[in-house]
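A.B. asks: Chains as they are written, first to last, in this note's numbering: chain B, 2 to 444; chain P, 2 to 444; chain G, 2 to 444; chain V, 2 to 444.
Keep in mind the hints are simulated off the structure, nothing from the lab. Model, not experiment: these values are computed from the prediction. Wrong hints could be hidden among the right ones.
Here are the simulated DSS-like cross-link-like pairs (lysine-lysine), alpha carbons at most 30 Å apart as the crow flies [unchecked claim]:
no.	chain 1	residue 1	chain 2	residue 2
1	B	Lys299	G	Lys273
2	V	Lys175	V	Lys91
3	G	Lys175	P	Lys273
Covered by chain P, according to a simulated footprint, are these stretches of chain B (three or more residues, beta-carbon under 8 Å) [to be verified]:
no.	segment
4	312-326
5	335-342
We put the beta carbon where it would ideally sit given N, CA and C, even for glycine.
There are 4 protein chains.
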Amino acid sequence: MNVKLKGLVQEIEPLLVQYRRNFHKYPEAGWTEFRTAAKITEILLELGYSVKLGADAVSKSDMLGVPPEEELKIHMNRAVKQGANPELVKEMEGGLTGIIAELNCGEGPTVALRFDMDANDIDEPKEEKHRPFREGFSSENPGVMHACGHDGHAAIGLGVARMIVKIKDLLQGKIRLIFQPGEEGVRGAKAMVARGAADGVDYILGAHIGFQATKNRQLICGTGHFLATSKLDVSFTGIPAHAGAAPEEGHNALLAAACAALNLHAISRHGKGSTRITVGTLNAGQARNVIPPHAEMKIETRGETTEINEYMVNSVRDIIAGAAKMYGVDYEIKIVGETISGESSPELITKVKDIAQGTGLFTELIDYVSFGASEDFTAFMTTVQKNGGQGTYMMIGSQLASGHHDYYFDFDEATLACSVELLLEIVVNLIGKCQEDRIINIT
Amino acid sequence: MNVKLKGLVQEIEPLLVQYRRNFHKYPEAGWTEFRTAAKITEILLELGYSVKLGADAVSKSDMLGVPPEEELKIHMNRAVKQGANPELVKEMEGGLTGIIAELNCGEGPTVALRFDMDANDIDEPKEEKHRPFREGFSSENPGVMHACGHDGHAAIGLGVARMIVKIKDLLQGKIRLIFQPGEEGVRGAKAMVARGAADGVDYILGAHIGFQATKNRQLICGTGHFLATSKLDVSFTGIPAHAGAAPEEGHNALLAAACAALNLHAISRHGKGSTRITVGTLNAGQARNVIPPHAEMKIETRGETTEINEYMVNSVRDIIAGAAKMYGVDYEIKIVGETISGESSPELITKVKDIAQGTGLFTELIDYVSFGASEDFTAFMTTVQKNGGQGTYMMIGSQLASGHHDYYFDFDEATLACSVELLLEIVVNLIGKCQEDRIINIT
Amino acid sequence: MNVKLKGLVQEIEPLLVQYRRNFHKYPEAGWTEFRTAAKITEILLELGYSVKLGADAVSKSDMLGVPPEEELKIHMNRAVKQGANPELVKEMEGGLTGIIAELNCGEGPTVALRFDMDANDIDEPKEEKHRPFREGFSSENPGVMHACGHDGHAAIGLGVARMIVKIKDLLQGKIRLIFQPGEEGVRGAKAMVARGAADGVDYILGAHIGFQATKNRQLICGTGHFLATSKLDVSFTGIPAHAGAAPEEGHNALLAAACAALNLHAISRHGKGSTRITVGTLNAGQARNVIPPHAEMKIETRGETTEINEYMVNSVRDIIAGAAKMYGVDYEIKIVGETISGESSPELITKVKDIAQGTGLFTELIDYVSFGASEDFTAFMTTVQKNGGQGTYMMIGSQLASGHHDYYFDFDEATLACSVELLLEIVVNLIGKCQEDRIINIT
Amino acid sequence: MNVKLKGLVQEIEPLLVQYRRNFHKYPEAGWTEFRTAAKITEILLELGYSVKLGADAVSKSDMLGVPPEEELKIHMNRAVKQGANPELVKEMEGGLTGIIAELNCGEGPTVALRFDMDANDIDEPKEEKHRPFREGFSSENPGVMHACGHDGHAAIGLGVARMIVKIKDLLQGKIRLIFQPGEEGVRGAKAMVARGAADGVDYILGAHIGFQATKNRQLICGTGHFLATSKLDVSFTGIPAHAGAAPEEGHNALLAAACAALNLHAISRHGKGSTRITVGTLNAGQARNVIPPHAEMKIETRGETTEINEYMVNSVRDIIAGAAKMYGVDYEIKIVGETISGESSPELITKVKDIAQGTGLFTELIDYVSFGASEDFTAFMTTVQKNGGQGTYMMIGSQLASGHHDYYFDFDEATLACSVELLLEIVVNLIGKCQEDRIINIT
């Protein structure tokens with residue numbers, strides 16, 4: 002079976018590259034993936050998947066870090082201009098750009114695969130040394146770039162979708178494909194989980210191209226030590242006053258923010274695990290001689306566990322409230338991103354490793370890495386695990402032109418077909434009809 | 002008349018010195034003036050004054066900065082051992098050590114004179130170079146010393162009391178003598194004013210030996226620019242925790258206090274007048290490796306006007322509350338001293354200057370000084386002024402051994418008789434029967 | 002003579018309005034007054050004044066708050082496009098836009114008049130209710146507006162220049178006209194004083210339209226209690242680091258700035274006079290999850306005296322250095338504006354009042370107001386006073402459409418001729434040939 | 002052999018209890034263990050050990066947190082009064098209270114055992130419920146109490162010393178017994194290591210009664226994850242000034258300390274391991290109305306590794322220096338305790354476990370615990386390990402009356418004999434002549 006599958010996948014390799022480059026050319030940041038999602042939806046529908054889009058896939062009230070309404074409108078128009086189906090875009094109004102697609106292949110367990118689609122707020126370089134530019138698929142959208150590989154993830158998702166249909170008869174169970182918006186800033190998973198994306202799932206798998214697997218033909222079968230994290234936007238609003246004539250009439254938002262920033266960093270370490278707190282930006286005031294009436298901060302907390310991160314966020318809330326009280330200013334705290342901690346299931350890691358070994362695709366198999374960073378795949382995985390299922394997050398090796406989120410980021414497109422084949426093998430092994438001999442003939 | 006009065010006063014000069022040295026030997030800090038007040042009361046009663054003591058002179062609920070009950074008890078016992086009348090001491094239970102004495106000399110205006118009686122929390126030096134020690138009248142009460150001259154004030158008060166009785170027939174009006182506890186830390190005046198000490202008064206006079214009048218035979222006739230001030234004791238109470246094992250379980254009172262201290266000093270300047278804020282002491286924590294569960298601060302605010310000081314105190318309250326909120330600790334703010342701003346009445350200043358000139362007692366007469374500090378005489382004076390009366394606060398020149406509140410402080414006792422004579426002349430001129438010729442014969 | 006002068010002045014009233022509106026239409030912020038200064042220079046040269054421009058009028062090394070070279074270049078081009086003489090503009094390269102013009106009218110004292118020329122960084126409203134827009138002379142330069150009246154000051158200066166020539170024969174002494182750039186932010190005077198603008202002057206006069214004189218025909222003859230002030234731009238430069246992976250590798254400029262901001266506001270009050278400190282703006286950081294590598298603050302100090310302001314600036318320097326040390330970051334402190342305190346000369350105030358009375362121009366004459374704000378006219382005035390001369394700063398009444406620096410600011414143009422006449426009368430009285438009868442015939 | 006040894010040990014059990022109670026009755030805090038060390042030295046000499054005391058055992062310049070000279074003098078006198086040999090006490094002048102004793106039992110490896118001797122700054126309760134009081138051996142030294150079990154450690158050390166001599170002929174190697182002062186506050190080990198206490202050692206063993214082994218007959222064979230730590234005393238010295246009259250003349254030590262405290266807690270977390278920072282106490286100022294001229298803080302840092310702790314201490318130094326600069330105050334930083342991180346040697350843990358198993362003394366054997374706290378045994382152990390040797394730190398189970406450092410702390414004295422036997426078995430197994438059959442007859 003391996004050979005045959007491999008052959009099939011290789012057949013679609015050009016298509017995978019084409020998908021990837023198309024997504025790369027029209028990158029879309031979190032909650033604005035109107036074109037990407039419309040394209041994916043069209044293909045999934047064509048392939049016969051039952052597709053939930055918009056409000057059926059995303060719980061509006063659980064979306065985090067959504068751009069303002071006007072900005073979303075602009076992106077909807079842009080997407081249509083860039084070839085998106087207007088009716089599908091309309092369905093995603095408000096940024097509801099998530100997709101849940103399902104294919105029922107008979108009675109059996111449900112396997113979910115999750116792919117993220119969003120790009121980064123980075124200007125792609127127009128330089129010869131940068132392959133996407135040199136080969137003509139660099140970003141058409143100023144200030145936005147696929148610098149993390151999610152263009153590849155989305156392409157892999159479509160490749161898997163296409164192949165699954167081909168081997169449908171060999172399976173007995175359900176395939177669920179989840180295309181998630183807003184992974185950057187951990188903004189999107191929560192709203193899809195809240196809409197049921199992880200319900201009824203027995204196995205969930207996610208993967209990232211590259212990261213700690215920076216060589217081709219390398220596979221990390223499971224990832225853990227995902228940090229829980231929260232992203233908070235805080236603003237203080239005071240009252241301006243002339244700094245010379247009547248400073249006492251002012252309510253100083255800048256000082257409230259400065260005081261908060263210091264004390265936030267002084268939040269006590271936690272005895273049960275590591276924490277992080279960063280006030281990444283602080284902008285306050287309007288003129289040298291005016292008591293500053295407003296201040297804004299972008300804050301990030303992390304915790305080794307969800308509980309520890311909650312401790313951090315609660316401490317942040319107290320400090321912001323206290324600083325506002327001190328200076329008689331109003332404040333607002335917005336959670337614009339948040340995810341929990343997580344661990345891949347050891348049993349599934351073992352299974353993945355066995356399967357991967359069988360494929361002959363990899364020269365190096367690593368059981369597990371500690372991530373020490375955040376990914377909102379944990380929201381899906383933890384839900385599945387709580388319901389008795391298993392999940393794992395893999396890293397699929399790829400040689401990188403530069404690190405993730407760097408503007409020279411690029412990966413080796415050979416990873417695309419390799420990833421599709423791996424995922425198919427995993428699916429076949431998890432819900433295939435005859436798992437023993439693992440020989441499957443498809444024509 | 003002047004000559005005659007002078008003669009009389011000189012007669013009692015030895016008595017004044019004896020009073021002063023007696024008070025100096027048994028100094029008593031604010032609200033513990035049991036012995037001093039008992040001695041004064043006995044003499045006033047003997048002289049025929051109608052005397053209000055204890056709850057009749059002091060409003061319990063308006064007392065500021067009162068020592069704890071047990072400490073007061075200890076002082077009551079000490080006072081009795083040091084010769085105080087036990088019954089009078091009993092009447093002052095709870096620290097009600099103020100005295101309002103009145104002598105009715107017929108229909109006419111009421112003139113009030115105010116004298117403060119309390120000593121400082123200072124250890125008096127046992128050194129030959131220090132006259133009170135050399136001449137055998139230095140403090141018998143460890144940790145307490147008359148280092149501001151209130152022993153002299155009390156002696157002057159008794160001298161005036163004694164002389165007024167002698168010249169009673171020359172007067173038409175009422176004389177009220179107010180002996181105030183707890184002037185240090187501006188703690189006592191409020192409670193006496195609340196009990197009516199300043200009611201019905203037409204003229205009120207207060208005086209301080211020395212201060213800006215540091216030469217004998219110098220008189221400052223009026224003082225103004227008294228700063229309003231508040232003295233606050235602030236405590237924070239958190240929860241201790243092991244600093245290594247579980248720091249997150251602590252609620253850090255030290256950090257709340259440190260944060261408060263910084264932000265208190267950052268209270269905005271006021272456009273309408275000068276302000277002061279000082280965290281004079283901060284003591285927090287119990288051990289190097291325990292999250293500090295308690296912290297205490299002694300704070301002082303000042304304002305050019307009562308309103309400005311109120312702005313300061315309100316800001317202090319907000320900052321303390323905010324700092325407590327930040328660190329999840331409890332707090333308590335105690336006002337342990339407070340007084341308002343004030344200005345001597347220009348008309349009375351002029352009158353006093355004229356009278357002083359007539360006495361020939363002084364070689365230098367200064368109309369007015371700006372105080373730039375605080376004295377709770379303002380509580381009496383402002384009440385009198387609000388009711389249509391006049392008040393002034395004088396400084397009576399005296400060569401000092403060292404500055405006020407220094408432990409080598411001592412004044413020239415010649416000032417005592419001079420002060421008594423000045424005050425008598427003022428009284429005679431304000432409510433004397435024949436003011437025109439100012440010649441009064443007393444025998 | 003008064004009448005005659007008045008007649009003459011009224012004659013040129015239309016010209017004054019024309020000048021003012023021309024300057025208003027092409028407003029130029031501090032050190033970019035290329036067009037304004039070129040226009041003024043051309044007229045002064047035409048009138049026969051000896052004119053110093055560029056490096057002869059401004060000491061380059063003493064200029065404060067100068068825009069970057071490229072920005073200056075852009076403004077030079079703009080100015081030429083807007084009609085400035087290219088050669089004169091060339092002479093002012095680097096922003097040296099001050100002018101010192103002199104007319105020698107024989108042996109006698111030197112009278113200097115100072116006019117400021119710069120506009121504000123404000124967008125002028127394009128609204129019918131705003132007269133400059135309605136009558137077609139609102140700003141052609143986006144983001145810049147004459148919202149303080151310096152357009153009027155410059156016009157008055159030209160009016161005076163023109164009239165002085167007419168009455169030249171009546172005078173015996175020197176007239177010096179100083180046109181100053183960059184008064185906003187107190188940036189320009191220092192560099193002109195350093196170049197000798199105030200040297201050899203016996204009388205110096207400055208004036209502001211409006212301010213505390215908000216009614217037509219009102220004159221404030223002298224101003225004092227000018228606060229010394231410094232404007233500081235502070236930047237911190239640290240090292241960025243990933244906030245999750247290696248926060249300890251960062252050197253946090255945001256925290257250095259936040260810490261500095263708090264402690265700056267906590268600089269101790271001063272016992273000898275009032276102070277101000279304001280961190281008006283703070284901008285720091287680049288992304289939520291990056292240890293912030295840079296921070297910038299705009300700071301302002303004030304002091305009741307130059308010494309007190311120096312105390313403030315020295316304290317600022319210590320705090321900035323300390324905060325940088327704390328966080329291992331570099332810092333830079335730039336003084337972008339600064340001026341000393343000052344007081345008008347009482348004798349000159351009296352003279353001005355007498356002269357003003359004689360003119361019949363005013364219905365309300367006020368001797369003196371306390372300014373409580375800052376104006377770098379003090380740099381000229383104090384130099385003159387130190388050299389034995391006299392100076393005063395007047396406020397010439399004018400009904401205002403809205404307060405200074407508000408974008409609806411506008412003044413009553415009747416003030417222009419009134420001001421010219423007042424200044425001429427003052428000149429004639431200070432260095433006129435026959436001062437006794439004050440009757441001068443000019444034809 | 003086990004049985005025989007056991008019998009012998011049981012024989013001396015009463016002696017062990019007697020030792021322990023004697024030490025308990027005369028507890029001595031760090032660097033004042035004059036009596037304890039003199040008693041131990043006398044016994045060791047008597048037993049035939051070669052003993053180094055005073056300057057031969059402790060490097061004066063490496064002692065941390067030594068009390069002032071006068072205090073040491075008082076303790077020397079006290080010790081003599083409490084029965085210490087005056088000549089030995091004299092040898093320990095300056096607090097050099099460490100002992101290195103050695104017994105040469107032939108050619109072979111060197112085994113070192115380390116025992117700490119110091120008590121805690123705690124008042125022992127005089128209550129019936131507290132056994133040491135009830136049974137008459139509670140502290141005679143006010144404010145000092147053995148509340149951590151070091152009295153037991155010292156007694157065990159003497160027990161081992163005595164037994165080793167008995168089985169001397171069975172051994173081939175060297176025994177070194179290290180009695181360490183000042184373990185509390187991690188003050189003593191460094192100075193003994195600097196004097197060579199750990200040089201030439203092949204195996205080093207340390208043990209603590211109780212801690213995480215709180216049941217009798219429980220043994221933890223190895224401990225790791227010792228945190229590196231530093232204890233710092235910081236003082237700031239400024240200049241006092243009257244808070245009302247001339248606050249600007251003060252240099253505010255309280256604000257420097259408050260600012261430092263906040264920023265110390267804001268030291269960035271470390272990406273490579275956990276950290277701790279605690280300002281445990283802060284005491285500043287002298288009076289409410291005086292700018293505070295002095296402030297003192299007790300600080301503790303910890304790091305998962307020695308490098309991380311160094312990062313913390315360096316950050317502390319920068320922040321203290323910066324805060325002092327801010328407020329123009331002087332500062333002093335004293336390291337009063339410090340130790341490095343450490344890990345027990347896995348091979349030795351395994352050996353200890355095997356040996357312990359063979360003894361039959363324990364019902365529960367735990368390989369390893371993570372300590373997460375600090376012990377300066379690491380200074381010895383790490384030195385031995387660097388030189389190619391092995392070390393381990395054990396916890397020997399004992400039922401406790403209350404937790405360590407609590408004033409009701411007490412342990413089960415049955416632990417004493419059990420510990421002595423365990424240590425002897427370890428020694429015999431490490432350097433015994435015939436290790437195979439482990440049957441040794443001693444009579």
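A.B. asks: Each hint should be assessed against the structure and marked as holding or not.
C.D. replies: Each hint, compared with the structure:
no.	hint	in the structure
1	B:Lys299 - G:Lys273	violated, 42 Å
2	V:Lys175 - V:Lys91	holds, 29 Å
3	G:Lys175 - P:Lys273	violated, 43 Å
4	312-326	holds (count 8)
5	335-342	violated (count 0)
Violated hints, in rising order: 1, 3 and 5; the structure is consistent with all others.
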